[in-house]
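Heads up: the protein sequence lines correspond to chains A and B, in order. Once you know that position 33 of the first sequence is 33 in the numbering used here, the rest is easy, because the numbers rise by one and skip nothing. For any residue, its number in the numbering used here is found by taking its place in the second sequence, counting from 1, and adding 1000.
Quick caveat, the hints were computed from the structure, so don't treat them as lab data. Given the structure is predicted, the values throughout are model-derived calculations rather than measurements. Misleading hints may appear alongside valid ones.
Straight line, CA to CA, 30 Å or less: simulated DSBU-like cross-link-like pairs of lysine-lysine [unchecked claim]:
1) B:Lys1394 / A:Lys122
2) B:Lys1394 / A:Lys14
3) B:Lys1066 / B:Lys1038
Residues per chain, in single letters:
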Amino acid sequence: MLEIKNLHASVEDKEILKGIDLKVNAGEVHAIMGPNGSGKSTLASVIAGKEDFEVEEGSIVLEGEDLDELAPEERAHKGIFLSFQYPVEIPGVTVTNFIKTAINESRKANGQEEMPANEMLKKIREKSELLEIDRKFLSRSLNEGFSGGEKKRNEIFQMAMMEPKLAILDETDSGLDIDALRIVANGVNKLRNKDNAIIVITHYQRLLDYIVPDFVHVLYNGKIVKSGTKELALELEEKGYDWIKQEATV
Amino acid sequence: MDLKEKLISSFLAFENNVDLDHPVHEVRSEAIKNFENKGFPSKKEEAWKYTSLNNLQKVDFSIFPKEESTLEYKDVKKYFLHEIDTYKIVFVDGVYSSYLSETTHDGVDVCLMSSAFSKPMFRQVIEVYFNKIASKDESLTTLNTAFSKEGAYIYIPKNKMPKKPIQILHLATGNEAALMLQPRNLIVAEDNAEVQIIERHQSLTDNEVFTNSVTEIFAGKDANVDYYKVQNDAPTASLVDNTYISQKDNSVVRVHTFSFGGKLIRNNLNFYQNGERIDSTLKGVTILGDKQHVDHHTLVHHRQPNCESHQDYKGIFGDSSTGVFNGKIIVDKIAQKTDAFQQNNNILLSDRATINSKPQLEIFADDVKCSHGCTIGQLDDDALFYLRSRGIPKKEATALLMYAFANNVLESVRIPELKSRVNKIIANKLGVRIGFDL
């Protein structure tokens, strides 16, 4: 589904990603771990098309199409979804109106009619139940005054509504207490299927107890320095990142 | 002949058409003398540093429209807030249009200044209120006072409230190559009265229009006044709006100013708190492009203890547009426990756009809470990326962020249809279609 080859990306002439190779197939969950400043969030932003980053070399291909020239919204229309580490507050725009706009813009871009109102309502009801979201929450301004946990839950709610092919969860576990983490992870697991793929970016193993990855990659200094299965995450939890750093520098 | 000379010589012709024995005429005569002495303000004056009227003074404006123009309602319907039932006071080229208006004397008076000046039943109100808070030396105000003859007259007696909101609409047909208009409005809400007013100036062609408007608003004890100014005029229309508001104990007055169009707009909005526990609110959204210029000069004069004022102005400036915000707050020594809040936030969308923002606080009391803040920035790139990553195209995402930015001001509009109308004007202005009402 997604194939990243030799990806180099920089911001203001500072190279952050220094040659990333990553292949994600439909139905898979990949975890990307690594110490602070290793380039995890940059990788997420570059896949989603953030224009602050310059792709110097390499390619990102989704289902055979090179994403290089595509704007963030066009990538969204093709089924890429990024759950933000720090979702932005938009006063005056309710969660419901925002998600309706987002869905209909994607439908429009894909040559589909707007989603009928009753179908939209049904879907909103269904997905908000999945994430144990209160009805009142949906008529609040997007992310305004939301707690950290509410923001993250709202991100996954948007993911559930938009049904992306590829979802990237950037530090979705940060700021979540254990109950919220369970709800969010449970939501993500229910959205997993053989046709979509998920990249989970996290600093800690904790989230991976709930969203069990098929593969784990360790990002350090802009490169994937180690890949393995879920056991690698446990090893990192136990031993920290220092041994990875040492291995990488050798 | 420049505009000042033309105006002064026109005053003689003006006198042929008004009642020279009416006490108001003395006020007019005094005012024209003041204007003659002072003339138009120049950029040398601190208050006019960033707004120049020089170009306007070179235009050969007609001071009195030559003929009465008639307009079909269907042709101007879109300038009315027609979604709800309202009283309407409509002027076409400065002349009252009874055909387009709906006035009333049913418990409240919603009619014309010309009637108020001429009919004995209004004389007492005129004597008590007319030109009592309007400045006697600000030159554009005195110019308006000199030519004061027509405008909206709204009188709400004690404990009364009109059945519906009131619209004041000034239409300019373009029958004159260049037309100067000087409407004069008087609005009195006696104790515990309530009223909602929407005002709009609209030029229907590309011919030049210069409006110099003066509005006096008196709010009695416990009165509640909402005043909405919709400024979305043609690119050849200029407006100087002088509004003076006097408030008594426990009254609430809110003025919202929506400035989206026109060539040059100057808003002089002055609040005088003449009682205790008063609430004054001044809010504005300004969205400009091209070479448009909007200058908001506000004054809140806290003259009594225990009062509040809230100012919140948001500005978005694109292309080569320029904005000015000058917010003056005076707190007299006696006005202890004043709570005065002022905020002015601006977004510059282009390198060529300019905003000059200046708070001006003169505080003579020692037990007060005065806060002010001013920001000038660009649209938040991270927020834009967030919206775009959800599939919302750049233009629409930008518009949504602007809505969000202006939301504080929009959410306090108490007529839902007006709020929705303003949203539509904003969407048009930004060239986007948002699928829902905010």
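> CA of Lys1066 (chain B) to CA of Lys1038 (chain B), is that 30 Å or under?
Replying inline: holds (29 Å)
>> So if I understand the rule, the pair passes when the alpha-carbon distance is 30 Å or less; does Lys1394 (chain B) with Lys14 (chain A) pass?
In response: holds (26 Å)
>> Need the status of pair Lys1394 (chain B), Lys122 (chain A): alpha-carbon distance at most 30 Å?
In response: Answer holds: Lys1394 (chain B) to Lys122 (chain A) is near 29 Å, not above 30 Å.
Violated hints are absent here; each numbered hint is respected by the structure.
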